[in-house]
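Asker: As a plain string of letters, each chain reads:
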Amino acid sequence: MTEEVEALRIIFTEFYYWVTVVLMFLIHVGFCMYEVGASRYKHHQHTLMKNTMLIPLVTVTWFLFGWWIYWAFPTGPGIAPSIMTESTGLILGGGFGGNDLANPTNALMSINLNDHLMGVFWAAFLLFSWTAASIVSGAIIERITTFAFGVLAIAIGSVFWTIDAAWGWHFDGWMLKILGYHDAYASGVIHAIAGGFALGVLIVLGPRIGKFSSSGEPRNIGPRNPWLVTIGLFLIYTGFWGFYAACNVPIWNLGPEYAVEGVTFWTATNIYLTPTTLSGITMNFLMSLSGGLLAGYVVAKGDPFWTYSSGLAGIICASAGNDLYHPIQALVIGMIGVVIAYKLHYWVERKFKIDDAVGAVAVHGYAGVVGLIICGFVLNGYPASGYNVGAMWDGSNYATINPLGQFLGAIIMFVVLGLIPGYVLAKILSAMGKLRIPREVEIAGLDYEMMEDDRSAEKAVASSTR
Amino acid sequence: MATVTNWITHLTTDVDGETIGTQVAGSIYPGAGSSETLLVLLLIVVWIGWHVITNKSESEELKRLARKRHGANDHKSNITDW
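From first to last, the protein sequence lines are chains A and B.
Note that the first sequence covers residues 1 to 466 in our numbering.
Note that the second sequence covers residues 1 to 82 in our numbering.
No lab work stands behind these hints: they were computed from the structure.
Built from N, CA and C at the ideal position, the CB exists for glycine as well.
Take these hints with a grain of salt, some might be off.
Straight line, CA to CA, 25 Å or less: simulated DMTMM-like cross-link-like pairs of lysine to aspartate or glutamate [as the list claims (entries may be wrong)]:
no. : chain 1 : residue 1 : chain 2 : residue 2
1   : A       : K434      : B       : E61
2   : B       : K68       : A       : E349
3   : A       : K459      : A       : E449
4   : B       : K76       : A       : E349
5   : A       : K301      : A       : E349
Ranges between beta-carbon positions, derived for each pair [claimed, not checked]:
no. : chain 1 : residue 1 : chain 2 : residue 2 : range
6   : A       : V298      : B       : Y29       : 48 to 58 Å
7   : A       : G206      : B       : Y29       : 41 to 51 Å
8   : A       : E458      : B       : N6        : 55 to 65 Å
9   : A       : L404      : B       : T3        : 49 to 59 Å
Please construct the entire structure, taking both the sequences and the accompanying hints into account.
Answerer: Next up, the structure:
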């Protein structure tokens, strides 16, 4: 009987993650629609193609090394000891190098009748990777080359976000142990890092032609298809349900996990294997979405583009602690994040001439950073990990959640692993002449030849039917 | 190449083929245990090749279009019917 129950638990978990992957695919569909809706007609098809091609580019590199980095880097390396290996070195297995589970030549990285979870867990993380890259994609539309975006998408999607996930979104991560970092639904590990990375790229890339007047005043280049933008953002909301569910482990017995004898407690957990419930986080998700929409409607004076984005920013801001917040706390935190992100977006745009075409740096970056910092105050004193029930092999213990740790965590996410790598990579690509499309092409439109060919074909068809 | 030639034998044999009836099966893809490194190398070659080819074609396309120096509204004469 025990074996049957265990088999059911595994099959249930497999199906649970599979559903989250399908739902999260809608995030990418939403980002594609949103970007196309926000871009001008003459750039539509290239804009869509750019975001579509990140799917294979990030997927292949995630298979080759992204997943491996997540499992190999929780210790830093060299910063804090692993509770798995009792060492501060890279967490290495045999074969290719990293943890055997993530070795692309390992038998578990395929259909394997002994394992029902590796593939769906790998895929759930991969969909997070697409999201990270897609956040960057929207900010830089209409002037970046597809080649440069591919390189940047791989960097954020298969390298930098997975490093931050190993550090701060892993039960064995050094940021939990030393900083008491807590980021249950990825305010920092997805959103702040991607927002910071986008800002780093934007600094080098520069604004779209005509965005700023000769006196430096910003001009509005509004969305050309408000309905695509609307549907896109609502699809992102929908996919976000899957994102939240994928951040949980659906069913786990915490007593044996923490090596506490005589305790049996079956529950859902967050990524850190500390308890929460899918039921509770559903309330918090909806309340933080509502808080974001309420605040966005006021601060943006009913502008649809910003109000919808503010719903997303509300969720993002509350996400760090949505495994533990009261629903009303989630709502208020979402509201605060939206107001700060909105004001900061226009201040940065005016002051530094940054042209963030879809407000991605604000919605994901600023709201994510604010959410991390608020989380440090609201959850001050909570254990960062369930494993702090006893000292680790070296006598140290996990830190508790605290404001300073969260603030430093926000800096690591937004600046150290986001803005700086984005800036440096964009500089390198720019020096190679590969970052930005020629001025003449930006004016004519990336789709010019495609449109011209279609027009010729249409004329030919029309003449043959006379 | 075939990893599985008989499902019952496969499902009731451990990976080393020594213990019968333990329900240890594992990998079932063709070439399991001997082809993984080669497959990963193949993927790396395809991945690099794709970047080289697409980078070249994109550069050519951008240069060709830049030379024509179209105006900001020229594309409007190419809008097709829905």
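Asker: Taking the hints in turn, state whether each one holds.
Answerer: Checked hints:
no.: 1; hint: A:K434 - B:E61; in the structure: holds (13 Å)
no.: 2; hint: B:K68 - A:E349; in the structure: violated (32 Å)
no.: 3; hint: A:K459 - A:E449; in the structure: holds (15 Å)
no.: 4; hint: B:K76 - A:E349; in the structure: violated (30 Å)
no.: 5; hint: A:K301 - A:E349; in the structure: holds (19 Å)
no.: 6; hint: A:V298 - B:Y29: 48 to 58 Å; in the structure: holds (56 Å)
no.: 7; hint: A:G206 - B:Y29: 41 to 51 Å; in the structure: holds (48 Å)
no.: 8; hint: A:E458 - B:N6: 55 to 65 Å; in the structure: holds (59 Å)
no.: 9; hint: A:L404 - B:T3: 49 to 59 Å; in the structure: holds (54 Å)
Hint check: violations occur at hints 2, 4; the rest are consistent with the structure.
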